[in-house]
Amino acid sequence: MADITFARLQISYAGKAGPFVAVDGFEAHVRDGEFVTIVGPSGCGKSSVLLAADGLLRPSGGQIRIGEQVVTKPGPDRAVVFQDASLLPWRTILANVAFGLEMQGADKTTRFDRARHFIELVGLSGREDAHPHQLSGGMRQRVGIARALATDPEVLLMDEPFGALDAQTRELMAGELLRIWDLDRKTVLFVTHGIDEAVFLSDRVLVMGGSPSRVVEVIEIDLPRPRDAAVRAGEAFGKYRTHLADLLLGTAAGEPVTP
Amino acid sequence: MTHGLKARPPRAVGTAPPHHAVGLRWVPPVRARFVLGSVVVVLALWQLAEQFGVVDVQFASTPVAIVHAGGDLLSSGELWENAQTTLVEFFAGFVPAVVVGVPVGMLMGWKLRIRQTLEPALVALYVTPSLALLPLVVLALGIGEASKIAMVFVEAVITIAVNAMAGIRETEPRLVQAARAFCAGGGAMFGKVLLPGALPTIMAGLRLGAGRGVIAVIIAELYGGTDGVGQLISSYGQNFDVAALMFLTLVVAVFGYAVTALLRILGNVATSWER
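Top to bottom, those sequences are chains D and A.
Heads up, the first sequence is in the UniProt record's numbering, so the first residue is 1 and it goes up one at a time.
Heads up, the second sequence is in the UniProt record's numbering, so the first residue is 1 and it goes up one at a time.
Watch out, some of these pointers could steer you wrong.
To be verified - Heads up, simulated DMTMM-like pairs for lysine to aspartate or glutamate below, C-alpha to C-alpha not over 25 Å straight-line:
(1) D:LYS239 / D:ASP184
(2) D:LYS108 / D:GLU128
(3) A:LYS192 / D:ASP222
(4) D:LYS239 / D:ASP84
(5) D:LYS186 / D:GLU27
(6) D:LYS73 / A:GLU172
(7) A:LYS192 / D:GLU27
(8) A:LYS192 / D:ASP152
(9) A:LYS192 / D:ASP129
(10) A:LYS192 / D:ASP196
(11) D:LYS186 / D:ASP84
(12) D:LYS16 / D:GLU27
(13) D:LYS186 / D:ASP129
(14) A:LYS192 / D:GLU171
(15) A:LYS192 / D:ASP84
(16) D:LYS73 / D:ASP196
(17) D:LYS186 / D:GLU235
In case anyone wonders, no lab produced these hints; they're calculated from the structure.
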């Protein structure tokens with residue numbers, strides 16, 4: 001079971017005047033195969049929560065469990081898609097996508113075959129031998145997604161992967177992501193500051209707020225899948241969006257949240 | 001016909017040069033022609049300045065005299081014998097400097113404790129002129145080849161290590177983080193992320209180190225010894241043989257340039273992904 005449990009998670013940063021507690025009492029549970037989004041005002045520590053779930057950042061208190069396993073360091077059961085793609089600039093697209101498998105000790109044929117498969121899946125066939133700087137921002141994100149999927153993780157952690165893209169590309173990528181996710185429905189934890197994106201993608205949205213921040217509301221997104229432009233244009237979608245926007249503006253202004 | 005020739009404006013038919021075998025006609029590209037042109041002009045002015053007594057031949061010599069002196073040095077075998085000594089000394093010092101300097105510098109960039117331990121000594125050596133070190137090294141190793149090799153090594157290894165350290169420290173943290181996320185261990189992080197990321201800076205360090213190595217070997221030979229190009233420069237200098245002196249200086253400059261250019265080409269091949 002690849003469910004994620006956050007138990008009384010606390011994250012703090014070293015500061016000149018002692019540690020600064022950014023996140024405290026963060027409680028959440030992501031079910032196996034569920035698509036969950038974390039939204040919150042900028043600086044609330046949502047990316048930190050995600051990085052902690054991969055073990056890239058050590059929490060100052062509480063714990064995160066994948067299944068029964070307490071997270072202490074990155075593992076092959078999880079893969080991260082970063083906001084800036086973070087591809088190795090000297091590697092070709094093929095070698096970048098194969099990177100995770102290479103680290104896991106897969107032989108060359110296996111990892112290149114798998115890499116080619118996922119490059120095709122994200123729609124970049126023919127660009128295997130290009131270098132990252134030759135691709136657009138959206139294409140680089142596709143490579144980042146392919147690299148994460150290539151290791152066949154149980155949990156996909158996505159840290160504002162479309163945050164730096166233009167609105168149109170962003171919408172396109174969200175659709176693509178759902179198409180790919182629908183193939184095997186991995187557990188996804190997705191961090192974003194985009195309200196539309198959160199509603200469109202998620203089964204549930206965790207809204208962060210407060211200082212130090214925690215989960216202040218969980219919104220169940222009861223929209224049919226597969227989701228398309230029609231869902232986006234529907235009335236229910238609009239209601240979720242308005243509700244989420246109110247919540248976020250409220251938390252951003254520091255007002256108490258009353259659901 | 002070469003590309004360079006095609007790019008030129010068409011000539012009037014009447015002034016077309018007589019046809020030689022087409023394959024043998026090589027016209028250097030435009031930029032090279034300008035560079036060569038400026039050199040030729042300077043040399044011609046220099047030669048003419050001597051002829052009209054504008055400068056003193058005693059100290060400035062002339063291009064023609066320098067070429068003659070060079071011819072003598074080459075035909076007598078004197079230059080080649082001494083150049084061999086210098087080359088051997090240079091490479092015997094430079095190659096170990098690369099082998100030691102690159103990994104040590106990378107480790108310094110990677111591990112804070114190693115950096116804190118080694119950096120003060122390294123920086124102190126880096127800013128110390130080699131001339132100041134020379135008497136110490138000669139006292140310890142004598143005036144033979146060993147002291148020259150040691151000087152090249154010390155001068156080059158510091159520059160190489162300092163640059164390798166900088167290269168690692170400039171590696172983008174987000175790339176290191178991404179590699180960690182995909183379970184890269186220490187060896188893979190070093191070999192597959194830090195080394196390629198630092199390679200452009202490391203190669204720049206090799207070029208700078210080679211330059212300092214050339215300076216070191218010549219200065220060490222000037223200081224004392226029985227052979228080597230530096231020793232030749234010293235003895236011709238003492239005999240006021242300005243033409244030979246200038247030719248030898250030119251040889252050193254060309255050698256330094258050639259080594260640097262070679263390393264640049266190597267560096268470009270190693271970081272070809274950048275283009």
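(message) Hint compliance check: list the failing hint numbers for this structure, sorted ascending.
(response) Hints 1, 3, 4, 7, 10, 12, 13, 14, 16, 17 contradicted; others consistent.
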